[in-house]
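> Sequence:
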Amino acid sequence: MEGLDWQGAIKDIQASVKWLKENGSPKVGVTGYCMGGALAIASGVLVPEVDAVVAFYGTPSSELADASKAQAPIQAHFGELDSFVGFADVTAAKSLEEKLKASGVEHEVHIYPGCSHAFMNASPEALKRRKGMGLTDENQGAIDLAWSRFSTWMGRFL
-1 MEGLDWQGAI
9 KDIQASVKWL
19 KENGSPKVGV
29 TGYCMGGALA
39 IASGVLVPEV
49 DAVVAFYGTP
59 SSELADASKA
69 QAPIQAHFGE
79 LDSFVGFADV
89 TAAKSLEEKL
99 KASGVEHEVH
109 IYPGCSHAFM
119 NASPEALKRR
129 KGMGLTDENQ
139 GAIDLAWSRF
149 STWMGRFL
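Here the sequence shown is numbered in the numbering used here, starting from -1 and rising by one per residue.
Everything labelled a hint here was simulated from the structure, so no lab data went into it. Warning: the hint list may mix true and false statements.
Derived DMTMM-like pairs (lysine to aspartate or glutamate); straight-line CA-CA distance at most 25 Å [unchecked claim]:
| id | residue 1 | residue 2 |
| --- | --- | --- |
| 1 | Lys67 | Glu95 |
| 2 | Lys92 | Asp49 |
| 3 | Lys67 | Asp49 |
| 4 | Lys67 | Glu104 |
| 5 | Lys19 | Glu47 |
Between beta-carbon pairs, the in silico distance windows are [stated by the list, open to error]:
| id | residue 1 | residue 2 | range |
| --- | --- | --- | --- |
| 6 | Lys129 | Arg154 | 32 to 38 Å |
| 7 | Asp64 | Met33 | 16 to 22 Å |
| 8 | Val83 | Ala120 | 22 to 28 Å |
All C-beta atoms in this analysis are idealised placements derived from N, C-alpha and C, irrespective of residue type, glycine included.
Build out the structure end to end from the sequences listed, making use of the hints.
As structure tokens, then:
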């Protein structure tokens, strides 16, 4: 994550949103996972043309984007057992929720019991990798619920 040009990535998102709107998309949503989740939330703060955000396990640093100044509706998903302290753990999720409350935008923050980082990735490779790390969080019910919430949120705002 340290090698990413976060500001440059936000500029790329802004350019993409602008292009989509100039080419027939009346509304644009941004979603992402891990670093992409943090960037999605940051775009909901820094890119006024964004109409909705769904982020999975990632929060932007306060230097990148202050979530208490969010402009777009934001939905975020986290695993209860996520060990990325300060970025995607439960404390980070609850801090994000407080900031979103302060922003006044519509928001939802969901924490999935028994799930860790990247719980949405149910590919055989990901499951094997997580099991090798001692994580036994394969939970299709959580994945299905998160997808349902994602679909409802984007359908509502887009």
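> All hints are to be evaluated individually against the structure, with a verdict given for each.
Results for each hint:
{"no.": "1", "hint": "Lys67 x Glu95", "result": "holds, 12 Å"}
{"no.": "2", "hint": "Lys92 x Asp49", "result": "holds, 23 Å"}
{"no.": "3", "hint": "Lys67 x Asp49", "result": "holds, 15 Å"}
{"no.": "4", "hint": "Lys67 x Glu104", "result": "holds, 12 Å"}
{"no.": "5", "hint": "Lys19 x Glu47", "result": "holds, 9 Å"}
{"no.": "6", "hint": "Lys129 x Arg154: 32 to 38 Å", "result": "holds, 36 Å"}
{"no.": "7", "hint": "Asp64 x Met33: 16 to 22 Å", "result": "holds, 18 Å"}
{"no.": "8", "hint": "Val83 x Ala120: 22 to 28 Å", "result": "holds, 24 Å"}
Every hint, counting from the list given before, is met by this structure.
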